[in-house]
Structure formats: C-alpha cells, structure tokens
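J.: Use the sequences and the hints to build the structure in full.
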Amino acid sequence: MKKLRINSFATTVSIVVLIYFLIVTVWPFVYSLYLSFFSTDLITKQEFIGFKNYEKVFTNPVFRQIITNNIIYLAVTVFGAIIIALILAYNIHKLSGWVKKLFLGIYFLPTITSLVATAAIWRQLYFPHTGFLAQLWNFILPIEAPVFLRDQKTALFSIMVMFVWRVVGMKMIILHTALDEIPDSIIDSAKIDGAYGWQYITKIMIPHIRPQLIFLFAISSIGAIRTFTEVYLLSDPVGGPNHSTEVLAVKYLEEAFEALRFGRASVYAIVMIFLLLGLVYIIYRSYQEKIEH
Amino acid sequence: MDEKSKIKKAIIIIFLALGSIVVIIPFLWMLVSAFKPNIEILTLELNVFKTTWTLDNFRRVLFHDPLPRAYLNSIIIGVSITAFTVFTSTCAGYLLAKFKFRGRDALFMLIMGSIMIPHQAAVIPLYFLAGKLNILNTYSGLVFPFIMAAFHIFLVRQFMYGIPDEVLEAARVDGASEWRILFKIVFPLAKPVISVVGILTLLHSLDELLWPLVVVNTPDMQTLSLILARYTQSMGGPIPGPTAAATSFIIVPVLIAYMFFQRFFVKGITMTGLKG
Amino acid sequence: MKRVLLILLAAVLVASMLFMGMGCKEPEIVVETVVETVTETVEIEAPTEEADSKIPEGDVTLDMWMQDSSSHQQWLNAYIPVFEAKYPNITINVSYIPYGDLLEKLLPSIAAGDEPAIMHGYDSWVTAQDVSGIFMKLTPDLYTQEELREKLYVNLALDHFTDENGDIYGIPAWSGAAGGVLYHKDVVDEVGIDMNAIEKWEQLEEAGKKIVEYYNGDMRAFWLHPGQLGNFALGHIYKWGAEDKLFDKESGVWDWTIPESRKIHEIMLSWGENGLWDVDAGDVHTVFPTKLAAFELTGPWGKGFYSTNYPELDMDYIKMPDFYETDGIANVLYHHSSFMLSSKLEGDEKLAALLYVREIIDNPSFFNMPLEGSDWGGAINIKQWVDYTLERAEAGKETNEKVITMAKLSEDFANGLIDSGSMIPRGVIINNLVKELTHQLMRGDLTLDEFLVEMTTQFNIQEADFRDQ
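Residue numbers (our numbering), protein chains in the order written: chain A, 13 to 305; chain B, 116 to 391; chain C, 26 to 494.
If you're looking for bench data, these hints aren't it; they were derived computationally from the structure. Even for Gly, the Cβ is constructed at its ideal location relative to N, Cα and C.
Just some of the chain B residues that point at chain A, by a computed CB distance under 8 Å:
1) Lys124
2) Ile127
3) Pro141
4) Cys206
5) Gly228
6) His234
7) Trp294
8) Leu318
9) Asp322
10) Leu339
11) Leu343
12) Ala344
13) Pro353
14) Thr358
15) Leu370
Cut-off 25 Å, straight-line C-alpha distance, at most; resulting in silico cross-link-like pairs (DSS-like, lysine-lysine):
16) A:Lys113 - B:Lys382
17) B:Lys382 - B:Lys299
18) C:Lys130 - B:Lys247
19) C:Lys176 - C:Lys408
20) A:Lys57 - B:Lys247
21) A:Lys57 - C:Lys274
22) B:Lys123 - A:Lys106
23) A:Lys113 - B:Lys121
24) C:Lys375 - C:Lys111
25) B:Lys382 - A:Lys112
26) C:Lys433 - C:Lys408
27) A:Lys68 - C:Lys274
28) B:Lys123 - A:Lys215
29) B:Lys124 - A:Lys113
T.: Below, the structure written as structure tokens:
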C-alpha cells in the first residue's frame, strides 16, 4: 500500500518531467540533427544534401575564428572572473560587520541587474572618442583610446570586460560563503604550523573550497560556450569587426534568421552540443575524482 | 599585532573601495545621463551646472514607447516562470534525491542533457509548436518553455541530500500521503534553496531575448528585454538619453528590492550546500 | 517594518505606472487637419466602378506589421484613419516593429503560419528566395502584370517580387535609399560655403577641405552612413562603365582589383590623408550630432531621425552631387519599402487587403499626408503620385516645395537604379563586406592591394554561398 503511494507520486512527477524534457531537449536535438542534412529555408524548400552543410561549415576559414572566439571567451570569463572573485572574496572575508555587508552588496549589484539593460548601458560607455570610457582612458593614459567595439583587436575583450564585471559578484558571494565555512580549527592549526600567505592559500584554502570552485568552473564554462545575448547586443555588425566577436550562438542566428539557411545553422548547433558534451564529460570526471579523494 | 592587522584592514578596505568605484561607475553614468538631453550625453558635458536637466527622456520612454506595459508583462511573465520553476524544481529535485526507481539515473541524465541544447536551436521547433497550439503572442506562449529548469532541479537535488530520511519516513509511518509530505515537510525545509532558485529564476527571466522576439507580435505583449534591446539596436543606432532613462527605470526598483532581500539570498546560498 | 516598506514600494511602483499611463501611446499626429486637406482630393479620386465590386461586404479586421521608423509611423498613422473612414467596415491593427526584429521575424512567422495579413518589409530581404511560396500572388487580382509594371516606376524592384511566370508578389512603394548630403547650416555659414551651388562631388570635396582647414582638423568633412558607403564605390564603378568587369552576373564572380575600383578607393584614401574622413571618429549616429563631421552622407530620412533625437541641431539637406568624373549618380544598393500580403488570406479578408494596397497605388493624395510638417523624404516608386504631383505643381496647385522636390527626386532616383545581379543581400554587402573592409583599409590595417584582393575573396565567398542555396 505504501509502496503504491510512493510509486504513484514518483510516477506522476517522473512522467511529467520526462515529457517536458523530451519536448525541450530531445526533440530540438533530433530536429536540428535532421535539418543539418538539408538545405532549407523552412518555407519554400527543403532539399536533402547529405553532409554538404558540414563540409561547408568545417571548410569555412572563419570557422576556426569562431571556435577560437568561444575558447577565448571561456578562458577569460571563467578563469578571469573566478580569480578576481576569489581575490575579492578573500579580502572581504577578512572584514566584518556592516563594512563587509556593504561591500558584498556593492559587488553584487551588477549581477542582479538585467543583462540586456547593462548591455545597453555599456554600449553607450564604449562609444568611440565621445564615450565615457574613451574619455576616461584619454584622461588617464597617454595613449589614444581604442575604439573598443569597432576594432577587431579589442572588440571581444571589451565584451568580456563587461561580462566579467557582471558575474564577479555572484561568484564572489559563493566563494565567500565557502571561505566562511573553513573550520576555525583548520585555520588555527595552519597558523600554528606556520603556514601563512601563499602556502596557506594553495595548500589549505583552495583544497577546502574545491567543490565550489569546480561548481563555478562548470557553470561558467558551459555558459561561455553558449554565450549569446551580451555578445549579440554589443556587436556591430553582427559578428563583430572582422568576425572577432562571432561566437557559435551568434553564427547560428546569422545563418538561421538572416541568411535563412536553417540547415547550415543546425550544424553550428550540433557543434555547440558536442562541445558542451565534451565539457560536461570533463566536469563529470573531475567530480568523480573528487569523490575518490 | 593590533597595529599590523589594523593597517592590513585599512589597505583591504581601500582596495575594495577602489574596486567598488569601478563597479558603480556604469550605474552612475546611467542615472546622470537619464536626465540629460542626448546631445549633452554625447559631448560629455561634465560640468554639472552647465547641463540642462530634463525629464524628456523619461517622458519619451514612458509615453512613446510601451515601456510601462512591457514592465507589467515582464512582471507577470517573470512571476509565472518563477512560480512554476520553483514548484517543478522542488518536486523533481526531491524525487531524484529521495526516491529510488528504475530509470532514475537516466532521467537525471536527460534533464542535465537539456543544458547542452543551445537556446537558439530550440527556438525554431518550439516556435512551430507554439504556432500549432495557437499560443503565439500570449503569456502562455512566453512562459511554457521555461516552466522547468535543469540547473535548478540540480540545485534542489543537492540540497535534498542534506535532508535526513528519518523525517520523511516518520511521516510515512504516520500515514501521510506523498503529496502531503511534499507540501508540509519538504517545501518548508527547502526554503533556503527555494529562495535561491526563486531569485535566480526571476532575475534570469528578464534576460530572455530570442524567444520573446519571435513570439511577440504586438505592442501590448512586449517584454522589457525586447524594449531594452531596441535601445542597443535601433536602425538609427543606440540613442543615449532614452537608453539611460529606460534602464534606470528598470534597474532602480530592482536595486531597492535587493536591499531588502540580500540577507535571504546570501543565507540561501550558504545553506544550499554547494558542496557538490 | 520591512514588510510595510515593501508594500509601500510596490504601491508606489504601481501608482506611478498608472499615473504615467500604461499601454502604448502612438506618436502624436495631428490627424484632424490632415483629414481636412485630404477630403477634397479624396473625392476627386473616387473609386472606379470596377473597384466597387472588389470591396468586401462584411466587417473585416486586418493585422499589419510595419517598421517602426518615425517616418513610416507618421505616414501610417495619418493614412490608416483616412482609409478606415473611406471604408468603414475595414479595421487595420498595426504593430510597429524595429527593423532588426522585423527582418528576423518576418520569414519565420510565415513558416509558422503566424504572419499578419499585411506585411511591410524590404524587397532586398527576398533576393535569394522564391517569392511565389511566400507571399500572396497579386496579379491579376490586383492588376494585370502589365498594368502593375506601368504604375510602379522601378521595375527592377518589382523583379525581386516576380516569379518565373511574371506574376508579382509584392509592391515596392518607396525608397529611402536615395542618398544626399546632410549638413550643419551653422557650420557652412561660418566657413562661407554655398551648399546649393554644389552639384559635383569635386565641389563637395573642395568644400570639405575648406572646413577641415578652417577648424584645424577638429572637425572632419565627411561621415558616411553605411548604406551610402556601401553604394559609393559600386556606384562609381558602374557610372564609369566597368560593371561587367567588376561582376559577372552569369558566373557570379567578382573582381575588385580592376583599375576603376582601384581608382575610387584611391580617392577615398586621399580623403583620409587630407583629414576629410576618419572612420573611427565615432559610432554610426554620434559623429554628426556632435559635430565631429560637417557632412553626413545619408538618406533623406536622416534629417528626420536627427531632428527627433537632437532637436538643437540646425541642419539641411542637398541631394547627392554628381559622382566624380561623371554626370549623375548610380544607386546599385537600393532597397524599397514594400508591402506584401499573406498568402493565407481568403474571402473578405483578401479583398480588404487588396483594397488597402490598391489605394496606396491609385490614390496619390494618400502620400501627401505626412509631408505636411514632417521631415520625411524619399523616392516614391508610384508613378501616378509623381505624375499627379508634377501636374499640380505646374498648374500652381501644389506649392509645397518639399513635395515637389520629392516628386522630382523620385524620377531621378528611378532612372539611376541599377541591378547588380548579385544574390548577396544588401545588408550583408553593406555591413559585413564593404563597411568592414573599407574601414580596415582606411585605418591602414590593409594596404590598397591587400584590400582589393580581400574584397574579391570575401565577395566571392558570400556570392557562392547565396547562389548555392
């Protein structure tokens, strides 16, 4: 009787969840895979062309640039943001009282604001010559300010700066609570053993917050491969000067909605899916290691 | 010893304060520019006294553009999505953590797999589906792809591992139905993770851009993200004044609300036990 | 306490929204006076007997999507009430959508069956598509093929909407792609330049040099809107008779290394050397208002855009001077504001939609409405309007200078259009190809030789891609 009750609950919830995720996960995947073998604009034609789309995508000289963009984005927004967040968390952790709360609050502000709103603001700040950041730069530094979003050398980096500015707060709070949880006994025995500064950080602090670090690495890197909104909104033209801000998700948009080549767009989606698969596997393995630790 | 640590603290505070300035500058710019005419924002009229302060930007975004309506829509949509997500995440997280059944791990894999499907690829098939169901340009259409979230199911599941089985067993022995257990025991215990899930979902719902773009056809169904995106994109180029005014209007209330909820959120993260 | 504050905050928020008026308010347009000036002419152009049978009997409501540029909105906000007054059983619900969004939504919505009855878009969006599967076939229900080609000037634009049987699927109504020179009146007055005397580009360049000299390099001469930049080199090459060397329509192969191409780009490089043009001066629409440049090459809609957002500016506009070393200009990258109808309409709805489009073509008075007191301008593709206006001007009945200018501009524009034959969408040519590479050239990232080769390579890649599908 009890078993039945438990079973019916479990069954209901499982089935509902299953159906939902079949619709939003499996079906789009299958559909994208299917379309990737066609040349289609979804209205007037749908022509089977086998692997031709894949060939076109992989032989496109810009493809390498696109993947590179995603990797650079990953490197900077994951490592960069986490390192900065760690430094901030470490310092804030040493404070207490209202000062600590104040700083926690301030650094967290960018995270709670709408991404689209902050993109709109930063677009203004990045205006060449007359923009606030350009003026500030020229005021402080002797060299001429770059044109940020319109220069292929600085466009992606400018977007990443904005993104890191935005996500640091969240990571900082997570790391900060992690630091809070290191038992005093450990800290004390470290002091007794004479482990200060750098030794303390590497041998004791980091191992203790390893789970949170892995967690942050995981979600940040997944986000970096999937990144779309801020890159799209801050790119002029779409894809940036000389493809410098063209990431996979943006390329998908270009191919699907602007060129109406849904087949080829689907190839980019498949590429993203496989990259994420690889990433998830790496994360899964590092969790496994942690358990064996 | 005291002196040294005092100095250390002071240095830390200065360092953090400088960082804070960097963090706040964009918001300051936004607030100040919202009250200036476009031309003065562009020419960066820094002298506070020479500026002609004006409410024109606000007038424009509030009367000319459907910003108030979009605000309302985004609130409705955001709250709906959050309510659904909180409920489904709690149910599913609880299920995955506390129940053993065949296919449980497979189901979990499927759910986690959804993180790998990029939004863009899902837009087209879901758009066709919404068309067939005749819910395009409606609240349901805007909400349905978001009623469950893999990431939050994961968070709740992690949290649930921390709940002792004895409590649940005891309730079962007493004869409580599963649903009763869910509502009377699980939900209250899950408050910390629920607040995290709730806040994150609410904030994130404002950022959805691609889906509203294809689904919304009329001015009365616009969302905040759509309106804001226009300020970066309009064919004539991004116009500073209205951008600043619209973003102020959106950001300031969130800031104020945040000041009230900060404690819950931090507490929630602590107790969620993000220990993997 | 906290709870009270929270409730208070929520109440304030709601109150302020209610107070400020929720819901979308349309831009203020004085409709009353417009109706006055129009009623007279509307009677003159009464529907013919044939048209009578094509008026729907029941009540019809049609959805419409239109680009949200201020000029389009002004026109439509004035036009729809008059149309609805003339045909009281028809109601039109229009949604204004920004250009980018509209571009991305239009075709997918047709695929999903969600498109509105009446669509506004651009002919350049469907260059690579087979229109017969997308929009409603307009001939012969609207007019016969011959009639329609008579009534609209630019047959080249119509070609984008024509299928292999000659049937037509869209109406290119007007174009803002005509280029001209927007200038600061106070600046040219100060330096002492008579803009109305400028008829050739060589003269414009001279004027530009004077300005740069006067302001010691603090102000540039030119700023080019991407659409005009896109057309500049192409237009010159065509005017100099080298279009076949540049692009082979049959094979779809481009060659930008030809001497004419080199020549025009050398001219542009000289602008850079003389300080006339700085591609990094600013963002698309920040350079002109901040007076970083005295002239902006843009469409006639530019003046309206700037006066809405920067009312302090004192500006005026002259039409594009003749190109270097030639007479006249060429518009290779034109595009037209077009109306298309949904292929899924039937019965009364179909009749009503056809009626809407017919009134635009047949009732010239509709176009006059927004011009009173607005800064909109463009080349009208509808012959009847141009003829009608020029007739009235001659008879002294039309005295509005702006209206007369537009009529004349429309004839010039139509005659200056050239179809490149490329299948690359206009937007891609302008933004991804010409603007990107030309900026690199002007910045010195590419030498002239490298630039010409790179243009050739990139154009060919894109052309192949679009021809392939």
